[in-house]
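Protein chains: 2
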Amino acid sequence: MEILDGKKAAQAIKDKLKIDVAQLAAEGKKIPHLAAILVGNNGASETYVAAKVKSCEEVGFKSTLIRFEADISPVKLLEKVQELNNDPDVDGILVQLPLPKHIKESDVINALDPDKDVDGFHPVNVGKMVQGLPAFVPATPHGIMLLLEHYKVETKGKHAVVVGRSNIVGRPMSILLSQNSNPGNCTVTVCHSRTHNLKELCLQADMIVAALGKPEFVTADMVKEGAVVIDVGITRIEDTNKKSGFRLKGDVQYETVAPKCSWITPVPGGVGPMTIAALLRNTFTSCAQKN
Amino acid sequence: MEILDGKKAAQAIKDKLKIDVAQLAAEGKKIPHLAAILVGNNGASETYVAAKVKSCEEVGFKSTLIRFEADISPVKLLEKVQELNNDPDVDGILVQLPLPKHIKESDVINALDPDKDVDGFHPVNVGKMVQGLPAFVPATPHGIMLLLEHYKVETKGKHAVVVGRSNIVGRPMSILLSQNSNPGNCTVTVCHSRTHNLKELCLQADMIVAALGKPEFVTADMVKEGAVVIDVGITRIEDTNKKSGFRLKGDVQYETVAPKCSWITPVPGGVGPMTIAALLRNTFTSCAQKN
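These protein sequence lines map, in sequence, to chains R and S.
With the first letter of the first sequence counted as 1, position 156 gets the number 156 in the working numbering; the numbers rise by one all the way through.
With the first letter of the second sequence counted as 1, position 168 gets the number 168 in the working numbering; the numbers rise by one all the way through.
Check the hints yourself; a few may be wrong.
Since copy identity is lost for identical chains, a pair holds within one copy or between any two.
Said to hold, decoys possible - Taking lysine to any residue pairs in the SDA-like style, the calculated list, with each CA pair at most 25 Å apart, reads: (1) K62 to N180; (2) K16 to N85; (3) K62 to H196; (4) K224 to D206; (5) K7 to I168; (6) K156 to S193; (7) K8 to E46; (8) K290 to N41; (9) K104 to S45; (10) K242 to P268; (11) K224 to Q204; (12) K80 to E255; (13) K29 to T235; (14) K214 to S63; (15) K14 to G269; (16) K18 to P100; (17) K80 to E27; (18) K214 to K249; (19) K199 to A288; (20) K101 to S181; (21) K224 to A26; (22) K199 to T240; (23) K214 to E46; (24) K62 to W263; (25) K30 to K243; (26) K104 to R247; (27) K156 to I19; (28) K260 to Q23; (29) K260 to N167; (30) K199 to E225.
For the record, the hints were derived by calculation from the structure and aren't laboratory data.
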């Protein structure tokens, strides 16, 4: 069994970006600039945005964090999005989700300039991704693809079972894995809450992508010997022994599943770090298209 | 075994549209107007466009057929698209594919106003469809969904195997069938040219959607007793006994497969007529959004 080490792979991507950014700077060209919008004080969101901003600094990107109170009016938020759309210095705009209930998320996402939508949530980017055209791919699925690429995991002709059909992970993951690309070219089965014979299907899988958000849902009896297992789950479980008060649990019961796998992602340190690396890559790409 | 009769279902949809259009007219409201662009003289394209225009007449839509020679410049074609985009009387614009090689199809499709893209090929419509938002869904997959709906075929929790991953049929079909909707909520497996164990996978399927364009590819030994089989293939096979010089063959070996099925679409008379019905529905929807 080998570990798909997201920390290492993400670091390799960041190291490369750092060099590329330094080169841009040396050539007197524009440096990538990510603008992040954070509304309210959700604990997880604070952590994620802080990590993204920190990663920008690491690789030499410019970053701007724009904070709003939870009760900001939708109009004000949309005005800010418009302002960032029109700002030629900003390459990527990130609106940290979830937004407070009184703001319709799709309104905000649809207001983003698709060319700055580095989270890949705008319908234009989703559509282009589906059509196999150049597009910003959402950070988590993009990060998983980069991880498979980094470790040269063979995917062609493999049967991948994706558990979960969310717009953010399961759906794009299933599309990317089944496309005529490398990584890709998998036969892909999408499973979800209405799937009857999930265990049976998982047992057929050469690769399982668990993205349903149920801690330790995938157990050893569901996994074929030699399978590749990608664990997208990051549920916070209360843990008074931890300074943070919680620990992270994946959707896979790691201890029992790992011994059966050819490759597996740990939680934390698997998919998580890759999502930020993917976001940085998207932002760099956006900037490069202007340079 | 029961037939999913596309002619009957399409007629039912057209009958309903005819009543709805008559009602619009009676209320002095705008009547749906489809503009079709045909470039060159491809035989199949001529037939398809003629059928679409005829169907518009049948239900009382206004239609405009715009013809260009095969050597039209891309700029001229894009100018016409722009003109139709700006014409408030036009509700739907259809660019018959394929286009001559010197014109980049994606340039033309991306130039369409997504709100008039009744073929559902613009990335915005593809993206919205994936996200489960209201969107124009491409005619063939939309037609299949309408057919399943018409015959009240139960799909929830069923395992659907989609053979083919094209942007026009296989890919959108796999997405629609796996969405949390009715019809929908299938566990969906997408198979393609790189799939190893296609027969084995098909044998597991409660529903097979054959959309690979290989005549009689799906044979009885690949189909489970009681399966629903949707045949999207329409390959023209030379036949000197026919006035047209050809007959149409599906991707399914109908004679041997049909006896095993709970439901099956014939070719012709299955999916084909539904694509036009779906196009008309999309055009009506576009018009209704303005009325």
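Intra/inter-copy verdict for K214 and K249 if alpha-carbon distance must be at most 25 Å: Cα proximity of K214 and K249: one copy only (9 Å, versus 46 Å across).
Within, between, both or neither: K156, S193 at alpha-carbon 25 Å: For K156 and S193, the Cα distance is within 25 Å only across copies (11 Å; inside one copy 27 Å).
Up to 25 Å CA-CA - S45 versus K104, copy category: Answer is within: at 17 Å inside a copy they meet the 25 Å cutoff, but 42 Å across does not.
Alpha-carbon proximity context of K224 and Q204, limit 25 Å: For K224 and Q204, the Cα distance is within 25 Å both inside one copy (7 Å) and across copies (18 Å).
25 Å Cα threshold - placement of T235 relative to K29: neither (41 Å within a copy, 53 Å between copies)
Intra- versus inter-subunit Cα pairing at 25 Å for K199 with T240: Cα proximity of K199 and T240: none, with 33 Å in one copy and 52 Å across.
Intra/inter-copy verdict for K80 and E255 if alpha-carbon distance must be at most 25 Å: Cα proximity of K80 and E255: none, with 46 Å in one copy and 62 Å across.
Homo-oligomer pair classification [E46, K8; C-alpha up to 25 Å]: Result: close within a single copy only, 24 Å intra versus 57 Å inter.
Within, between, both or neither: K214, E46 at alpha-carbon 25 Å: Intra 22 Å, inter 53 Å, cutoff 25 Å: intra-copy only.
Identical-chain pair category, K260 with N167, by Cα at 25 Å: neither (30 Å within a copy, 36 Å between copies)
25 Å Cα threshold - placement of S63 relative to K214: neither (33 Å within a copy, 52 Å between copies)
25 Å Cα threshold - placement of Q23 relative to K260: neither (44 Å within a copy, 64 Å between copies)
Violated hints for the displayed structure, listed by number in ascending order: 1, 2, 3, 8, 12, 13, 14, 16, 17, 19, 21, 22, 24, 25, 26, 27, 28 and 29.
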